[in-house]
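Chains as they are written, first to last, in my numbering: chain W, 1 to 843; chain C, 1 to 327; chain G, 1 to 97.
Source of the hints: derived by calculation from the structure; they are not laboratory data.
Treat the numbers as computed from the prediction; the structure is a model and nothing was measured.
None of the hints are false.
Computed cross-link-like contacts, DSSO-like style, restricted to lysine-lysine with a CA-CA straight-line distance of at most 27 Å:
id : chain 1 : residue 1 : chain 2 : residue 2
1  : W       : Lys-364   : C       : Lys-68
2  : W       : Lys-364   : W       : Lys-444
3  : C       : Lys-107   : C       : Lys-224
4  : W       : Lys-364   : C       : Lys-75
The residues making up each chain are set out below.
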Amino acid sequence: MRSETGFDPELYARFPTREPRPAEEKDELQRIWCAPKGWEYLTVVNNNYIGIYYLGTAFLFFLLAGVLALLMRVQLAAPLLDVLPQATYNQVFTMHGTVMMFLFAVPAVEAAGVLLLPQMLSARDLPFPRLSAYAFWAYAVGGLCFFASLFVGLAPDGGWFMYPPLTSKAYSPGINTDFWLLGIGFIEISAIAGAIEIIVGVLRHRAPGMSLDKMPIFAWSMLVFAVMIVIAFPSVILGTLLLEIERAFNWPFFDATRGGDPMLWQHLFWFFGHPEVYIIFLPAAGLMSMIIPTVARAELVGYRLIVLAMVATGFISFGVWAHHMFTTGMPPMTTGFFSAASMAVSVPAGIQVFSWIATLAIGKPRFNAPGLFVMGSIVIFVTGGLTGVMVALVPFDWQAHDSYFIVAHLHYVLMGGMVFPLFAAFYYWIPMVSRRAMSERIGKWVFALMFIGMNVAFMPMHLAGLMGMPRRIYTYLPGQGWELPNLISTVGALMLAAGVVLFLIDLARNFRLSPGGGNAGNIYGGGTLEWLPTELYSTRSIPVVTSREPLWYDPNLAENVEQGRYFLPRSATGLRETLVTSPLLAEPQYLQIMPGPSPWPFAAAIFTAGFFLALTVQAYGFGLTSGVLAVIAVLRWMWDTDRPVAMEGVDIGGDIRVPTYMTGPATHGWWAMITLLVVLGMIFVMALFSNAFLWSNQPAFWASPPAPADAWPILALELLGLSAALGARPLLRRGVLASTGAIIVAAAALAAAVVVDYRQWTAAGFLPEASGQTASLFALQALQAMVVLIAILMAGYMAARALRGLVTRPSNNTLDLTALFLAYAGGQGIAGTLFPRLLDIAG
Amino acid sequence: MRADPPGRADAGFARALEGWPPPVLDPAGPYSEPVTLLAWALFIGGTIVLVVVLAALSVALFGSSGLKRRLGGEKAIWIGGIAFPVVVLTGLLIWGLSLTSHLAAGKPTGQEMRVRIVGEMWWWRVHYLDRQGRETVRDANELHIPTGMPVMLELQSADVIHSFWVPRLGGKMDMIPGRTNRLMIQADRPGIYKGQCAEYCGGPHALMGFLVIAHTPEDFARWKASRRPAPIVDPVARRGAALFETSGCAACHVIRGTRAQGLAGPDLTHVGSRHSLGAGILPNNPGTLAGWIADSQAIKPGNRMPPYRQLGAEDLNALTRYLAGRQ
Amino acid sequence: MTSWLILLGGLLLWALHFFGLYAIGEFGNDDRTARIAVLSLTLVVLLADAAMLARMLRRPSATGFSGWRDRFGIGGAVLAALAICWQALPALLIEQG
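Could you build the full structure based on these sequences and the hints that come with them?
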């Protein structure tokens, strides 16, 4: 394949350009991408700031959850201690797991992506800076409020996996569980916003010439990470939604006495929960694959195999969820499928480990702080991987499951697979954002304490598990031989903590944030683009990439980039902008105008948090107001976007001209909308699965649905909605009025379909509280109603823009995206109308 | 508490070795033995693989340039990261799957003893069944079985999810509301085998223990024959029996042959002969029994039994005497 | 689109196979039928994987991104074949209880 978009790759030969660039160009870039002052720190959207905020907040949660871990270790140091009373302990272990998984691990790697990806890909920013800001603030505010529930004794206490019926109203009547469901549901939304950002950023914002085979491994890992979030998170979003509905409105999804099934929750939770482990591991492995070549001063061995390993992990990790359920009495053959997939997923991990070792072997490894953390990480991760193979074997898992053996296994995997790589990354990339590098001397002590402490803490837990010690116990009886391993574990945990404290001291002494340049620089000699001289606008010009470590192969690259001898050496339009390139070969396509700082994402985040927290404490009036304000804030921030600039095409350097406004399937907005629709589609598919699962598992509670033939008026309305939505795009050639009219017709038809469908079920005597069947089918309708409600909002927004003359002709992005969403809503409606009516006939 | 009845091991040294060998590696029957063998194979194999990886890492870091050159290349990945794991994992998978098939409980064949165990927050209801699945004896928190005979457990839950696990006799199996899961166990030697709830079930989940007492077939027959309500002999106990019905105990507990028919708590018809109190957490003697009645919340916080601190010393003594006699 | 199919084809087949097997296990109940369904699905998916692999191996070796992509696709198809075979083992080795 020579060209993907018709762009002639010969044109790259024009770079670096020769003629000097005017000095004002750089000043203008600095002015456009200026640093915030005072209150503006709340309204910044630039990835250099949001990335640091994000990472800092995630690290704060690591420390908080770490303190909880220490409390637990002290409580378990000896049998029958009373440091933490039972109820507190149950809250503390629930929060430790939840905070580490949801508030530390996923946000931390997402933050690393926000901070590093634009620099690595040489983009000016991520594609939707305001969305990043929103995702961050939503997470920070929501996360801190969620954590604070611990201080008032209202923290959730059902375990991070929240199995009903323990978490149902009958056994957890307090609002503790609601804190978990709403808090986590809300933080998931923020993770999904980040994932959409990263997918579009990695695929569309790479430096020209950076084809997929030249992309930094970290970008690959973040791409797989983000796609996995998009597929996996909807499942837990639906799960939390259903459980909250069961608690609030008594719809029995998980209540076995009324035709629900507690196993449904386990499927929904683990379909997210196990990919989650790889969602955390892959980006960290990507960081490893970036650091190791620099530490070894050698090119990565087996780049293609590593990428393949990551992509394969992304797939196969969706086939292992039920290995958390080997002891639930699933049919043995089914357990076998999951056992086999759990084996298969370890092969890609082995590929990566041996690639790292081979890279260290061809190079001359240095034992600096990042190097030590990377090597320690390999040892710990391999150990965790080996115990992982053990528990993938069903009979062994029958013994090990839910015992301290698993606690040991998962901490080896997550410490080796995520925490140690993250610390390596801290030492490696801090010189990129700080005026001073971290201390190598202290770094070695940090490593030694953490590495030894980690092994001392978790190795004995294997033994405790084999001695029969179950997980999640707040105390234990003497005389079972558990005293010694537990005491050793506690000592190790304290050592590990000492290492982290020493790291904090190092951070306090040496970390001096400098987002706008003037940082310590490339002290380890990395070869990828983030080590180019950068300021808030990223690099002065965007280089043409011809290899995986451009800085190693072109010693003049930094100078040429800084002198503006590559793409986009100035602001072509006087606004924030970046280059959008094609997904496979990264050929320049068009110039994207980017939004600048705005208070609205911050406001939207505050109100979103207010909405969810008010629901938790049942302040419905306040919650509703907050929700409405959040929607208004989002619409207000959107209002500024999608404005074409006067210049239709601009010179981006080397006499190459690209358009400044584009519509249709090649645009970044279109890609983001498709990704969002995949998220909604996955939520819906999981809801269909829930319906089918209850049908298959609780046949005694199944009533015959209304005849499918009677559904024709609903289907007719939905088809009308679908076709009106599809017609809106071509109709724009006829005029804004025709097109907007089609959008409104589509929204109205779909809304009418929801009402008619609901009436048909209720007329047939179906009520949501009656059984698992009715609960799950009304859940389908609720989802459809929610999507249609959003569609109506979008149609209204579209109409408002049309009235204000903001809809461009012959084509317009806002219209395209509204029409896409409505078309999706139509499709989902048809599926949701037919599925529950046909299910019984299929059986 | 392990296979040896408590009290037999007297030396301090033996006490130091409590918990050793670890129950998972000290199988006592055919449903745990093959897993122990698998576990040892996994531990030894895993250690070898770890040593090999560490050796490779050491070569990569410190090795001579000749050795390093051999290791540095895609060939190393193909051999170490792909070919070797595929061969080993294929073998393990076949072993694991065959063993799964061999150990998983099928439908009752009529050859095994059947018991239904229902998990409750935070104790265990035990129903001994006959071959046709009809209940014969009811008990709580401990299970008596004959040695050498497979026992099929039908596991259910009355409230939230629990998990049944006696590591020396077999793997664990969850007790899930709305389902009946089957688990096979068997003890080949007489003894007491300890277990504990393995699925987090809220509150005092940590203190939800269980004992399996394996008898020789002759002893088991004798034990079974003794499952009849014991007569009340002394007058103090007789007063205890009256108190049991008037102080509220009978609202939650059954003592067969009396008017105490409450179903919320454990059946106490044979409580005096149990090895433990409070679901496997206290040795059973008059002192602990009195302590439990007076304030079980101090011993097992969060359990469903209210404290009976209002009982005077004499009443408590009478109740204890009565209950201790329920052999 | 072609490029993405080459890159991900093998693994997509794996996904198809895995979720097919899960559906058979979860929604089917008859022992013998389930086993036959598992094995026939495996056969079909393996044939498709093999056909894809054969097509990719017959392509002239390219340089640059296309060559990388093709070799990547071959790796993915091989890995998928392995995982698919493992996945079918339970139907041969486990008696449905």
